[in-house]
Amino acid sequence: MSTLAPERAPRSEQPAPRRSASRPALVERVRDVFTSPKSGPVLVTAILFVAVFAVGGVRYPAFLSGQVFLNLFVDNAYLIVLAVGMTFVILTGGIDLSVGAVVALSGMIAASLLQSGWSPGVVIPLILVITSVLGLLVGLMIHVFEVQPFIATLAAMFLARGLCYVISQNSISITEPTFVALAVTRIPLGGGLSITPSVVIVLVVIAVAVWVLHFTRFGRTVYAIGGGEHSGMLMGLPVARTKVIVYVISGFCSGLAGVLFTFYTLSGYPLSAIGTELDAIAAVVIGGTLLTGGFGFVLGSVLGVLVLGIIQTIITFEGTLSSWWTRIFIGGLLLVFIILQKVLTSRRR
Amino acid sequence: MLDTAQARPPAPAAHPEPIIEMTDVSISFPGVKALDRVDFRMFPGEVHSLMGENGAGKSTIIKALTGVYGIDEGTITVNGTAVSFAGPAGAQEAGIATVYQEVNLLPNLSVAENIMLGREPRRFGSIHWKAMRARAAELLAQLRLDIDPASLLGSHSLAVQQLIAIARAIDVDARVLILDEPTSSLDADEVAELFRVIKNLKEDGVAILFVSHFLDQIYEITDRLTVLRNGQLVGEYLTEELLRIDLVQKMIGKELATLDDLSTRVKQTANEEDDAAVPSFVVARGLGKRGTIEPIDLTIGEGEVVGLAGLLGSGRTELARLLGGIDRADAGASVTIGGAPTKLRTPRQAISKRIAYSSENRREEGIIGDLTVRDNIILALQADRGWFRRIPKKRQEELTRSYIETLNVRPANPDALVRNLSGGNQQKVLLARWLAIAPRLLILDEPTRGIDIGAKAEIQKLVYSLAENGMSVVFISAEIEEVLRLSHRIAVMRDRRLVADIENDGLTVDELLALIADGSAVDEPELPATTTPQRGDGS
Chain P
202 MSTLAPERAP
212 RSEQPAPRRS
222 ASRPALVERV
232 RDVFTSPKSG
242 PVLVTAILFV
252 AVFAVGGVRY
262 PAFLSGQVFL
272 NLFVDNAYLI
282 VLAVGMTFVI
292 LTGGIDLSVG
302 AVVALSGMIA
312 ASLLQSGWSP
322 GVVIPLILVI
332 TSVLGLLVGL
342 MIHVFEVQPF
352 IATLAAMFLA
362 RGLCYVISQN
372 SISITEPTFV
382 ALAVTRIPLG
392 GGLSITPSVV
402 IVLVVIAVAV
412 WVLHFTRFGR
422 TVYAIGGGEH
432 SGMLMGLPVA
442 RTKVIVYVIS
452 GFCSGLAGVL
462 FTFYTLSGYP
472 LSAIGTELDA
482 IAAVVIGGTL
492 LTGGFGFVLG
502 SVLGVLVLGI
512 IQTIITFEGT
522 LSSWWTRIFI
532 GGLLLVFIIL
542 QKVLTSRRR
Chain B
843 MLDTAQARPP
853 APAAHPEPII
863 EMTDVSISFP
873 GVKALDRVDF
883 RMFPGEVHSL
893 MGENGAGKST
903 IIKALTGVYG
913 IDEGTITVNG
923 TAVSFAGPAG
933 AQEAGIATVY
943 QEVNLLPNLS
953 VAENIMLGRE
963 PRRFGSIHWK
973 AMRARAAELL
983 AQLRLDIDPA
993 SLLGSHSLAV
1003 QQLIAIARAI
1013 DVDARVLILD
1023 EPTSSLDADE
1033 VAELFRVIKN
1043 LKEDGVAILF
1053 VSHFLDQIYE
1063 ITDRLTVLRN
1073 GQLVGEYLTE
1083 ELLRIDLVQK
1093 MIGKELATLD
1103 DLSTRVKQTA
1113 NEEDDAAVPS
1123 FVVARGLGKR
1133 GTIEPIDLTI
1143 GEGEVVGLAG
1153 LLGSGRTELA
1163 RLLGGIDRAD
1173 AGASVTIGGA
1183 PTKLRTPRQA
1193 ISKRIAYSSE
1203 NRREEGIIGD
1213 LTVRDNIILA
1223 LQADRGWFRR
1233 IPKKRQEELT
1243 RSYIETLNVR
1253 PANPDALVRN
1263 LSGGNQQKVL
1273 LARWLAIAPR
1283 LLILDEPTRG
1293 IDIGAKAEIQ
1303 KLVYSLAENG
1313 MSVVFISAEI
1323 EEVLRLSHRI
1333 AVMRDRRLVA
1343 DIENDGLTVD
1353 ELLALIADGS
1363 AVDEPELPAT
1373 TTPQRGDGS
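Chains P and B, in that order, give the protein sequences. Numbering-wise (our numbering), the first sequence opens with residue 202 and increments by one. Numbering-wise (our numbering), the second sequence opens with residue 843 and increments by one.
Derived from the structure by calculation, the hints contain no laboratory data. All values reported here derive from a predicted model rather than from experimental measurement. Built from N, CA and C at the ideal position, the CB exists for glycine as well. Treat the hints with care, as some may be off.
[As the list claims (entries may be wrong)] Partial list, computed: chain B residues near chain P (C-beta under 10 Å):
#: 1; residue: VAL910
#: 2; residue: GLY912
#: 3; residue: VAL925
#: 4; residue: PRO930
#: 5; residue: GLY932
#: 6; residue: GLN934
#: 7; residue: TYR942
#: 8; residue: LEU947
#: 9; residue: GLY960
#: 10; residue: GLU962
#: 11; residue: GLY967
Just chain B, same shape as in the assembly (with noise of 0.2 Å):
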């Protein structure tokens, strides 16, 4: 925080001026203050990225570059003359160009098309084909990219897609680039050949924003970063002079300092029962999904909570979906619960083995806002039976009425609206529903997330007596010292690799800080670190 008073680095020597200035932004919705007084700025000829943790206030940001935002407060200026955008098609026309996550292309279309759309070369009034083609085809070139332009763009891989929308930002002749997560569903040679193109485009004076969950790749291509938190600037650094720890550190928002208290907890905490020899309850070898995360090896005990730490991004919730049966693992991957060998490919067949998934996104995922407490509780019990043996009304209102006590529910109303609920309550039905199905193992994704100090405590006790019980859980949160205090185990996440997974005995802060951001920290983990596994051949 008081980081926003510190100095800014200097402008680079090449283009002193700043081609992008935003100046004491705030952009405000309903209830939530997503930008608060931020200042940003790019510079031609350099790769700028933001940082920060989900609700950081990073894709606000791009939305307010890209005219989807309107301003409440402060200036945009494109060199040096303020703007205000009038939708997308106003940034593009002041060279701003984008290429989103999910590449906002039109599968139906050509590749040339999708290069050209809104910009066709036209003759006598008609488009004219084949200039449009030809034009394609150089850009394509200029990008190394050897596809014929009249071929439909759906049946190119989501990487060639990529640089099809970094082509059509090249003919815009962008003077701003920006590239909102482009490498997450790329492998290590399609990453290699995006980096080369943003390479030759800066040495052009583009000004490039590079926005990633890779902290390897931010360290690889770029030049300046600004990190923000809680929609607040926290500060602009130059990469080169900030190290990875307190990268991790000022995004996450704890100091070294603040830490140690909480550390000394953890110690207290950490596997009383010193025991190696827990029964293991799902051993998981190759689990993995090509272009989400890397085939991963993982044991988890009976009665064992382990902790999933890593940064948004890293993987953490994309093993926790493959666990629970949401996505499915690639071939090769082996599951065995309680010694026999499964396959987790529905949601179904998970909770059958009596694997419960607590999505992260309470509110899609999770709880249905229109149904009753009692409705939303029974919910996954009354599946698991079958639709037709009805759970008899009266059991209906004992299991709610026990869960809606045990877990403190406020209001103590079976028959109120979940919508109506606080995020804390919502998340104890929801929590309240997979405990009726009497879980093996219960997989939280962030249920602490947005949610008060006291339902937070509450749920964090619950899964504390669960595990005493002989309930495995794996728990993850981005609160970092959360994952401290109640994991026996840790395993961290980066970069969709398990980099470590060690055992939870005075493990501190730090520690953990240091191996979430660059896993190459205190006693050496069982996985080597370095190695990148061949993907989904099972090994």
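Excised from the complex, chain P in its bound form (with noise of 0.2 Å):
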């Protein structure tokens, strides 16, 4: 094998031909890590959401709190776990349309068995496996049948969304005390501030995704499937059975949304959370996630979320805005990020 040649570099300028050397490093580094389809896309959503923040702080001197904040997080806790589950499958190039209804689902069983006594210990478990067990047959539908992806995720959906029609008509309150006691439990923080135990399981799910996405190898086969299924699989990489598991995960994302709404609304209604997938679809391209996949992070997800959540925020505090104006304006970023995701990987080929 040839040995080290230190005096001899004669690559170096060849994989970035268009780059001189006459420019700032800095400013060339600059522009870098903004252009990429990796970083950029992120980049632009986290000024956004401090503009916005900064903005909102200038209209209102109550905005600019810590509590303010917080609450992004207290009230999305359910929408940002269906977000990190969503970025997993759109990494990958895929789409689970399902997620909202399973929240609703979710929101049903729960509501239904507390009602007839049963304990919180068994419920929930239950509901995270029957979440996860549905997200598998969707994975498997997709990956054995070669089942378009927003196909069979449509297909869950409607049978989530019946399923809660079959459990009950109604809305069913609930009034279980480890429940209510979840749903109404401050942490607090110092300084006046507080947060509810849902956050605290928001933090761990969203810690736990990034380790898996970034330090493990299934993590990083999501990534790879994302940038080339056909080339992962000639790699040798598991791409069938990462595909599947996948769906598994949004699904037990889903499921664990579900629970989250429940303590923040103590109830289960066959109506709620219509749409819920779309938010977290918009939250995870706002996040800067490719939707053909290959790039995006949990924490541009999270972000995300916290995107839409100021967005409503600042319309509450506006007052005399209709909150239907969230969604407009929730489409126009859309739209923006999205263009702005072709313009990056345009200017990379």
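Got two chains here, separate frames each, mind docking them using the hints?
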């Protein structure tokens, strides 16, 4: 084998032909980071978040408080968990439309079982198992029968929503003491700040997801599938298994999100969380994950949820605007982000 | 064909035992026998190449070796042990690493990950990123590749990606390295760099399978050749003992003796109206595309049939695609059509100049199987008119009728679905589509491939009569005698360069074969065969 030849570095100028040496390295690096499909969109989202927060702070003195920030987590706990699960799916280039309906189903199962006297210690694991199995079935459908993820998860969405009505046509309220306690408990952080137990769960979920995606072979295979499923297979990676597991994770996250949602609403209602899957997808995309897969971060998706949340908060503070304006803003944002992604990815060709 | 009986050349002295031995291997797909009792072996420390035209079975062998296909009959042994691979991962475990033509790596991940993916060093159950980057840096240094292991793979040129794929192979400690068309998109310097790496690996005793369409490269780097034709073994040879001309003949499958009578027929058809003053229709200067073909000067006269000869991958299709506006030529190319400078940036522009390109890939870029014969025929004409000016039903019927008759399409049913037609009839429908727009230049890329003899003759006759009537034709075919029979002039491509551009008056098959093989034949062509024009500057 050839030895190291430090005096010879003939290839250094080849990889990036348009980079000129005369440019200041910092400017170049900053530009690189922003035009990279990996980090560009996330950074733009982060800047956007800070900007919106600053604008809110200028307009309303009460806005610029730690609690407003923490409430973004409190109010959107379930959505963050959904977005985390969705990130796994979208990173592989798939999509999961069933998550909203599964949240509602989880709520219905929880409410009805608790009503008939089951213990929360049984109900919550049971929900997580049921939704994971549902995810497994979806994953197998996608893998074995090569059904489009869109169609497979659409079917799962109708199934889950239908099952809600099988359980009950009406709202079932939850009076079980543990659930009520979890709903009302505030964990003080000092300085008048507090969070709910849900937020703790959310933070754990985020940490685990980051670890899985960045420090396990499974996680890297998720990225590999998004970068090129066929290539990944030829590299000997367990593509099939990973693709199925991704939907199990999304199913599990939907179940957990459903539980968090019931902590928040203390009821099960068959019509709840309609369209939430689209919020989750929007958050993931705004958070910088490419819909075609391969690029994105869990923390980006969390940031995406926070951006949606803060727009909502600002509109609440505004008082005069209908909350539907949130939707209009989200719509506009999504459009901008998808175009941004297109530009970034095509520049790299 | 007789060569199969011939004894195989001796094993190399240093490593007398083959590391890979395929014996009597057959692989079938529905309707096709892709490999028919083929023997193939590779020795450590040798560079071996598989040679053959399209459909010869090269890629089938590669896929069998890499575990993508299972074999129906025969045995594969690695180091003397019989193996059967369950998928690509199995072949990798057996020490067979592959770098595919399209570089199957992941552009969205870092260079280090692309090298190490699946074998990442771990610590406490987590991927140990630092160790991974360090290991990757080590491997890159071995290849003298000075890049940041943490950078995104997608930010590097294809040549670098290719070397990264090789780094991955080195890391799995591959004993067999398969390089499938590794040089197809590299420039001369990059190829030299790759060859340096290959030579190093060879010294380390790695067996290398180097598949390429470039004869020069084959003769530069390989030790041993296995020639295949139509899924059958032609023979195994030592590269230094096989003359280029013999190699090309073995690949194409024509023995000199059998070609003699054909070449006499060629002389009869060649250029009866021997006047050089054919008005030129298309004049292309510096027509090239970086990484595809070197800039080429070509003139096509009115009513002239220009044959493009060359092996697969020589650049003949690429040139045709530039002429047809399918691919965009580099800046600096100038094309004048009928005296007026023109840009050929899209097929649409080409069509508006009455240039029609009929693809070699009939199924995917040609016919639309789920449409009827009539719809397929009027497609280009309707598109050219614009979709708001629908061709009247009656006119459609007339057109279809007349083409079905002239071209003798069977079944003569305008409403038959094209996918139910035979290959030859599909080709005729495709021809009719282009003839319907009354082209002044018709580019036919392999119009006779995979169709029966009768249809072949009809298409040849048609080309002939079209040219008689003043249409210019660019005719590409892998069948050399077909090119000779039809063309007034022949442009010979080799290794992505135009190596000869000569009148076809009395050119023999041997002479043409010699030109295709090494360009150093007979009456010196207008273009020097050896110089490499600077790319992209349109000189």
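Now for the hints, and whether the structure bears them out:
1. VAL910: holds, 8 Å
2. GLY912: violated, 16 Å
3. VAL925: violated, 16 Å
4. PRO930: holds, 5 Å
5. GLY932: This hint holds: GLY932/B lies near chain P, its Cβ roughly 9 Å from the closest one there, short of 10 Å.
6. GLN934: Status holds, d = 5 Å.
7. TYR942: Constraint on TYR942/B satisfied, holds at 7 Å.
8. LEU947: Hint on LEU947/B: holds, closest Cβ of chain P at ~6 Å, below 10 Å.
9. GLY960: holds, 5 Å
10. GLU962: holds, 6 Å
11. GLY967: This interface hint holds because 8 Å falls under the 10 Å limit.
Checked against the numbered hints given earlier, this structure breaks hints 2, 3; the rest are met.
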